[in-house]
Every structure is written in structure tokens, then in C-alpha cells.
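For the record, the sequence lines run as chains A and B.
Taking the working numbering, the leading residue of the first sequence gets 2, the next gets one more, and so forth.
Taking the working numbering, the leading residue of the second sequence gets 772, the next gets one more, and so forth.
Keep in mind that the hints were calculated from the coordinates and are not lab data.
Please note that the accuracy of each hint is not assured.
If you anchor each label on the Cβ, the simulated ranges turn out as follows [said to hold, decoys possible]:
1) Thr128/A x Asp1068/B: 50 to 60 angstroms
2) Ser855/B x Thr128/A: 17 to 27 angstroms
3) Arg1000/B x Pro15/A: 31 to 41 angstroms
4) His17/A x Glu991/B: 57 to 67 angstroms
Only some residues are given here: those of chain B computed to face chain A with a beta carbon under 10 angstroms [to be verified]:
5) Lys790
6) Gly792
7) Ile801
8) Thr802
9) Thr805
Model, not experiment: these values are computed from the prediction.
Built from N, CA and C at the ideal position, the CB exists for glycine as well.
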Amino acid sequence: MVVFDKPKSLSPVPFHYCPGCTHGIVHRLVAEVLDELDLCGKAVGIAPVGCSVFAYNYFECDMIEAAHGRAPAVATGVKRTHPDNIVFTYQGDGDLAAIGTAETVHVGARGENITIIFINNCIYGMTGGQMAPTTMPGQVTTTSPYGRDRRIQGSPIRVCEMLSTLDGVAYAERVAVNTVPNIKKAKAAIKKAFQNQVDKKGLSIVEVLSTCPTNWGMTPEQALEWVKTDMIPFYPLGVYKDADVKDLNPTSTKEVTE
Amino acid sequence: MAKKVLMKGNEAIAEAAIKSGCLHFFGYPITPQTEISEYMAKRMPKVGGLCLQAESEVSAINMIMGAAASGSRCLTSSSSPGISLKSEGISYLVGCDLPCVIVNVQRGGPGLGGIQPSQQDYYQATKANGHGDEHILVLAPSSVQEMAQLTSEAFDLADIYRMPAMILADGALGQMMEPVDFELGTKREIPEKTWACNGTEGKRKKNIINSLLIDPDELETSVVNRFKRYDEIAEKEVKYEEYKCDDADIVIVAYGITSRICKTAIAAARAKGIKVGLFRPITLWPYPKKQLGALADKAKHFLVCELNMGQMVDDVKVATECKKPVSFFGRTGGVIPSPDEVLAQIEKLAAAL
Ligand SMILES: Cc1ncc(C[n+]2csc(CCOP(=O)(O)OP(=O)(O)O)c2C)c(N)n1
Ligand code: SF4
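Construct the complete structure from the given sequences, taking the supplied hints into account.
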């Protein structure tokens, strides 16, 4: 009896992520969902610039590596020319909520029928722990060495809350992967975000509170604990939007012409 | 005989793109090229295509990246300031070996500059359209007919060589109306896009479109291989026009709208007995180096004319190996010289021969 197997949608290569980093868990959840919904053959994934840049090596579907922050625009180009493909982006917080903010907001405004997996780890992982748009007040990073001071560095962006105000966003949920029950909920959310695309509902985004033990300067256990004690209170988990914006947003060339 | 239609240059580009099988346009409004977007917005839904207005040129070029990566023939257009914003995306398109057509209907700069015609983006287009060791194809039309013709050819070249192709026009060509024949000649053989990301359907190995090569040796190999392709393009795809160069003492080198002003000046100079001709590069990259260089043995003087401060002069000096003197005459900032101004330059040079 097989109790643990690698999802078919994950490529048979080792991850490069640091020990205790939850990027790997989220990759696995996405792959399990692609398997369960039988979407791998139709899927086109867009990798970001950030620690998950090599996501193009990890998923078994067609993959495109976008410029920093531009994944939603690249996804738009794929989806609009191939509406039958299942298109998803996988992006960090610097990628999605700093350099790519315009792309993120407008992919939502247009109600692009795509799925966004958004990794919020409160930091720039790849470049070595600088302040992110999601870095919490008081949080120490290499570019906020005295702690993020809201009067100087401004306040963090709560992405799900912001995007849920847009008509074109069908589904926005924030989840965490710090405990087994939370991982189960995260998977359900990711599954819904892909099913919504199959059902042509509009933009679906799942924000995953993720760890970066390396740049937080914590052990993996401490990092999981910090998600619970610090991140979740500031970034409450839950569904921020669940709507069907299909009628509002034709997504394929065909629908526009008709 | 095919029927000719009277059209603006910008519209001719748009129609030629559609006739070349381009079904996806992504743009952002900017003078003097907005007619391309407007034409596409009207026509694309009628032909089952898509015209999407992006939130910025940055986004538009990245939508192109997605469309091109999934195998579509796609077009984006802008004018100078917008092209600067596209440069990041252009570099990624090159790094990913993706074909697409980019139109730059140039206006005056730097900065917001002005909205009148210019050729101030010659350097940007031919030497530094994005970061990295890279080039894109650059085609410079000089009539509304060529706006259509070269657009059609640009799509084929982009697909054959897997790289972006730019139509480098200017505000005058974009706005002027001339008759166009859309019988654009025979299409070339286009290789199948087996590399496209449009779903494996479980039938093939996954495709990856990517410009990240962390290993320096791997990156070097990929750049060197791309440059081998560039050499092949320089060998096979150069386009230019020679006009009355056979007996010319003075050869004017000019492209785009400026070449037309020069032709008028040449007629006037010839009427005065001055032997002057025109060499018009049509591909600005690859540059018709050999062909221009061949004239350096016959001609006595080269005169570069442009709507800028002399951006092509170095290319002419390199092509002619500085065998003969190279002078420059240009106006900039959106000012177009009259044929008389060019004639005055020709006469000055002729007097000193
Ligand atoms: C245009 C551009 N600017 C800056 C960078 C450098 N850079 C690479 S990754 C990154 C931040 C990534 O952080 P995030 O999106 O939060 O992802 P993480 O690494 O934390 O997963 C930056 C600034 C770049 N590659 N491109
Ligand atoms: S640096 Fe942080 S986000 Fe990046 S792999 Fe390591 S732990 Fe994960």
C-alpha cells in the first residue's frame, strides 16, 4: 500500500528551498490539486522572480519564467490567447505587492480567469532578507534594521483585503501552512481557486502565509510559531471574497466576439 | 491588379498585421501611434482576434511575452517614452527567444519631449533596446506601403529567427495618408512552434520558456549561439535601397521619412549637375554594412541625414571604414528639414570636392 507518493504534477527533482521553508509545502499542494482535478496537461504556470524562481523546474506542466512582478501580465497574454489553458502564477510578496502591484491590481480589475498563488513571507527571501511590502510593523529586516517604522517605511499591504474590493476578483482567501489543519484548509482553498478557473468564474487568489526561517533568523519550529503568534493576528485567515464574476467579465476572445 | 486603399501609415501597420495572421494586440495609448490601437480595437473583434488595452507599456509587453510564449502571432505598438518602458520586456523576450512585432512610431525626446516626428530612438533600437548582450530586428519603412510591407515581413522574420522584430517608424509616416496595396507578396515558410507553452495535454514533455541561466558557461553558450544566429541574419536578411549611387560623388545615407526629403533634394541637385545619390538602409539591424561599404571605393563623400543629432554617423563610418569623409546634417526635437536645407548641404559639400 502506498501511503506517500509524489504528485504526478511535481517533477522528479529536488527542491532548492532552505530547510523549514514552506515554499515546498505549497508547491506540493498545488501539484496535488493539479493531479486531483486532472489539469496538468492543460496547465501553463508562470514562475516569478524570487525564491520560487525555479518553480519552472518543479511543476510538470508547461512553465514560463516572467520578469520580476510581471507574472500576471504574462498570464494574461497566455490566457487571452489560449482561454482553454489553465493558467496560474506563483508569486512572492515582493513580486506581487511591490514591483508588480500595477499588474496585480489590473489583472484583478480585468477579472482575468486565472489563478494566483501568493506567498506572503513578510520578507524578500531571494535577495537576502530585505523589507517587503508585507513586512510587519516593527519587523527587523536588513533594510529596516531598527524595525519597520510606519512613519518612515509606511504600512504593510494586506493583499486579500485590497483585491477583494475589485469587481473582477471572484475569490480571495488567506490561508497558512503552519499546522496540519491549516495545510488542509490551504489545499481546499487552492483547489477551489483552480476549480473556479475551470468554471470560468474570474480571478482567484490564495494568499499563503509562509515561513522564511533563514531570513527571519529563526529555527523552522520558531518560524512556524511566529506565523501563529505574529503573522496571523496581523493577517487574519479567511475568505475575503467568494463571488462569480463570469457574467461581468468575458474571458475568451470567442465570448467577446459573440 | 490588386486594389489600392488610401490609408494612414499607422492604420496600414495594423491592417497588415491582421492580414499576416496576427490575432492578438496589446497596447497603451500614446501619440503619435494611437491609431494603431484604435484600428485594432475596431477590427480585432470582427476577425475573431483580441485587442487589449493594458495598464502600462510594461504590462503590454509582458502580455506579449505570454501570448508569444504560448505560440501566438502578436503585436504591440508605442512611441518613444513607451518603448523605454518596454525595454525590460524586450530583453526578456530576446532571452527567451520569443517572436513578436513591436512598433515604435517615434516622437521627439528626451523625457516627455514632444509629439512631432523624430528618429531619436535609433541608438535605442539598434544598440540598446534592453539590457544584456542582445539585438532585435529593426526595419525602417519610408512610405505607407512599406509600413504594411515591412510589418508583414517582420512577422515572418520574427518567427523564423525566434526573436522580436521592431518597425521603427516616425510620427510623419504614422500620420500621412498614401495608397496601399495589401497584396504583400508570398509568405515564407514558418517553422512549427513546438516550443510553445499551451499545455502538454499529456502528449509531450513539458516546455519551459526561461531566460535565467545561473551557470556562467551555460549562459555564455546561449548568448554565443544567439550571436551565431545574428550572423546568419546579417548574411541573409539585410535590406536596403540604392538610388542614383552609380555615378555619385556624394552619397547621402538616410532612412525612413528623411530619405524621402533627401530624394527631393537629390533631384534638385542633379538638375544643377551635382552627382549625388542615396543609400537607404531598410534594415537598421542588421545594418547593410557590406553594401554601404562597397560604395566607399567610388563615392568621394558621405552625408548622413537624420531627425536626430547624428546617431547613425558611427555606423556609416564603420561600414565605410572611414575611407571617405562622413558629414552629418539633421534637425531634431520634431523639426523636419526642408529639401532646400538638404540641398544647401549638398551644394556646400560639392563645392569643396
Ligand atoms: C527588476 C528587478 N529588480 C530587482 C530584482 C532583484 N530581486 C530578485 S528577487 C527579489 C525579491 C523577491 O522577494 P519576494 O517576491 O518576496 O519572494 P521570496 O524570495 O521572498 O520568495 C528582488 C528584489 C530583480 N530580479 N529584478
Ligand atoms: S530564503 Fe527564505 S523563502 Fe527563500 S528558500 Fe530560504 S527560507 Fe524559503
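Which numbered conditions among the earlier hints are violated in the structure presented, ordered from lowest to highest? Failing hints, ascending: 4, 5, 6, 7, 8 and 9.
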